[in-house]
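Number of protein chains: 2
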Amino acid sequence: MVDYVVYGRGSFDQLSEILAPRRKNNAPMIFLVDHFFENNPLVRRVPADGKDKIIFADVTYEPKTTYVDSIAKQLKDEFGEVSGIIGIGGGSTMDLAKAVSLMMTNPGSSADYQGWDLVKNPGVYKAGIPTLSGTGAEVSRTTVLTGPTRKLGMNSDFTPFDQIVLDPELTSNAPVNQRFYTGMDCYIHCIESLQGTYLNEFSKSYGEKALELCQKVFVDKDKWDDESDDQLMMASYAGGMSIAYSQVGVAHAVSYGLSYLLGTKHGIGNCIVFDKLEEYYPEGVKEFKYMVKKNNIDIPQNITKALSDAEFNKMIDVSLGMKPLWENALGKDWEKKMTRERLRALYERL
Amino acid sequence: MVDYVVYGRGSFDQLSEILAPRRKNNAPMIFLVDHFFENNPLVRRVPADGKDKIIFADVTYEPKTTYVDSIAKQLKDEFGEVSGIIGIGGGSTMDLAKAVSLMMTNPGSSADYQGWDLVKNPGVYKAGIPTLSGTGAEVSRTTVLTGPTRKLGMNSDFTPFDQIVLDPELTSNAPVNQRFYTGMDCYIHCIESLQGTYLNEFSKSYGEKALELCQKVFVDKDKWDDESDDQLMMASYAGGMSIAYSQVGVAHAVSYGLSYLLGTKHGIGNCIVFDKLEEYYPEGVKEFKYMVKKNNIDIPQNITKALSDAEFNKMIDVSLGMKPLWENALGKDWEKKMTRERLRALYERL
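If you read the sequences in order, they're chains Y and G. The working numbering numbers the first residue of the first sequence as 1 and each following residue consecutively. The working numbering numbers the first residue of the second sequence as 1 and each following residue consecutively.
Keep in mind that the hints are not guaranteed to be accurate.
In silico SDA-like cross-links for lysine to any residue, where the CA-CA straight-line distance does not exceed 20 Å [stated by the list, open to error]:
(1) K204(Y) <-> Q301(G)
(2) K204(Y) <-> Y260(G)
(3) K204(Y) <-> G10(G)
(4) K204(G) <-> K289(Y)
(5) K204(G) <-> W116(Y)
(6) K216(G) <-> L194(Y)
(7) K204(G) <-> G8(Y)
It should be emphasised that the hints constitute simulated quantities derived from the structure, not laboratory data. As the structure is a computational prediction, the values presented were derived from the model and not from experiment.
Based on the provided sequences and hints, a complete structural model is requested.
Here's what the structure looks like:
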């Protein structure tokens with residue numbers, strides 16, 4: 001679990017005080033900030049002192065292991081040691097900060113640690129400050145990374161942040177489409193896990209609460225307000241907590257193929273896929289379509305139209321490799337139910 | 001926050017594996033077990049090896065600072081150092097384990113640390129395994145202790161457990177009345193915090209989920225089953241988490257007076273008080289009375305009948321000292337609303 005959680009409007013301004021006891025000798029704090037904020041007033045509020053450094057993270061694409069390795073190398077070359085890595089941004093920035101923290105103290109490449117419990121040493125101090133709500137990356141035990149051979153996280157007990165600062169004010173200026181896609185990452189995760197075969201009361205309680213908060217924000221309300229930011233930030237947190245003992249399903253398994261091949265970002269990729277999953281999640285998809293319409297959102301269509309057979313096969317390979325997701329969604333005999341032909345037909349509809 | 005949370009039926013049997021990496025040199029693990037289990041088969045499942053010691057904790061009364069100090073002294077005299085303190089029991093045992101862990105590494109008496117952020121050093125490793133659901137002590141940042149001059153916890157960042165194991169099977173044989181009183185500790189806390197003036201979306205989300213789970217168990221269901229244990233354990237966890245940014249109210253403020261003077265245990269004390277609070281929490285008290293009747297529970301009456309003026313005054317002093325609780329319940333001008341006379345009249349009705 002994350003050790004320290006601060007939640008509240010304006011709590012970003014406590015960051016200087018929060019970091020003070022974590023500063024070691026003369027080693028700097030490194031602020032990894034989503035490049036979206038490069039000319040944003042938020043940057044002036046980052047408490048960078050002395051040798052501290054702000055690095056604008058290029059999250060045009062989701063983090064790659066090569067990018068993680070290059071930032072860690074740059075920091076080791078420049079400073080030797082750092083006091084901590086502070087991620088400020090969306091899910092990609094959260095994952096990048098966690099991964100860079102781990103690579104400051106673990107040898108080799110982050111690609112060596114894609115998997116479960118392969119990380120050997122605790123990373124340097126790391127804090128996460130989300131500016132988009134929905135991914136749950138602020139509380140998860142993984143970092144989703146695209147490596148040379150696969151898209152898979154560094155899942156380990158050392159991966160969660162030491163501290164998170166949940167300040168709903170930071171999400172208030174997010175672009176409307178982006179906010180929706182990322183919020184839907186949470187919504188879709190809840191539908192998948194609550195209807196899945198892996199579930200216990202812990203994950204169910206968190207999943208139900210996250211779902212209810214998403215519905216308040218995107219179904220019930222007619223206008224975005226401060227309370228919407230508050231609620232979606234808690235939905236993201238609860239959705240992330242619910243992953244502990246549950247698993248996602250068809251939408252995530254299929255969208256991993258899309259993002260591996262086409263670089264489609266996770267939130268929008270899930271939306272593109274979920275939009276076509278009436279057969280698997282009839283009620284959820286119906287509500288999703290209602291939210292899309294109500295919030296006047298554009299879901300891209302026909303994105304796989306021009307792909308070759310080899311490209312479809314690559315996506316199918318990546319997707320069918322996500323065995324626990326399929327088993328959660330379709331049961332132990334999922335391989336009989338989800339054939340390559342059926343999955344190909346689904347990809348063709350996207 | 002608690003660092004590691006395991007939730008699941010039968011997870012108690014993972015305890016040996018969970019503790020293995022925490023064993024230091026030759027120092028023993030100390031299992032503080034609620035004396036209720038003294039002749040219970042659960043004791044044979046406690047993974048005590050080598051020099052490990054099982055201490056049956058006398059929780060007839062809620063933990064006193066003198067009791068905490070005496071256990072810590074006994075352990076230091078016998079072993080010098082210990083690897084960890086593992087609490088197995090209800091809320092009193094949880095609090096006792098947390099306090100003993102802290103007193104293994106902090107000088108003086110636990111009474112010196114009753115308050116906020118007075119604890120100087122991290123305690124030894126500590127794990128909590130609740131066998132009753134409702135208090136939220138398994139996740140809280142405090143330990144409620146009765147000291148020479150007051151009933152107040154050791155609130156600190158060092159207080160939460162390093163590990164909790166939430167195994168709903170352990171609660172299945174709890175006495176029916178006790179289970180109800182402790183469950184109502186959670187229910188009452190939720191009513192008080194959700195209707196209070198201190199609240200944000202973090203605490204509200206957890207409080208609403210805990211309340212809903214309590215209602216499922218005690219209002220909706222006609223029979224206790226495994227799912228009831230699962231749900232009440234999550235209610236307790238969520239209720240405990242909701243304390244982070246909220247506060248309790250009238251029932252807790254009044255019941256602290258009762259427990260200080262009469263030693264009334266927390267769960268039953270809250271029930272005795274809440275039963276008479278129609279004026280403050282009309283809907284909650286109505287539903288509480290329904291649950292009492294439906295679950296065929298006995299709420300003691302007339303317990304203050306024989307008290308002297310001096311005794312009433314002592315309870316009133318203790319209760320009015322809980323300023324944040326009163327302010328949360330009645331607003332900033334609570335002192336005008338809750339006079340000594342009015343509180344005396346309330347105590348006389350209990």
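Each hint tested on the structure:
1. K204(Y) <-> Q301(G): 39 Å, violated
2. K204(Y) <-> Y260(G): 38 Å, violated
3. K204(Y) <-> G10(G): Holds, because 18 Å separates the two Cα atoms, which is no more than 20 Å.
4. K204(G) <-> K289(Y): Measuring from Cα to Cα gives roughly 29 Å; hence the hint is violated.
5. K204(G) <-> W116(Y): 34 Å, violated
6. K216(G) <-> L194(Y): 18 Å, holds
7. K204(G) <-> G8(Y): 12 Å, holds
Checked against the numbered hints listed earlier, the structure breaks hints 1, 2, 4, 5; every other hint is satisfied.
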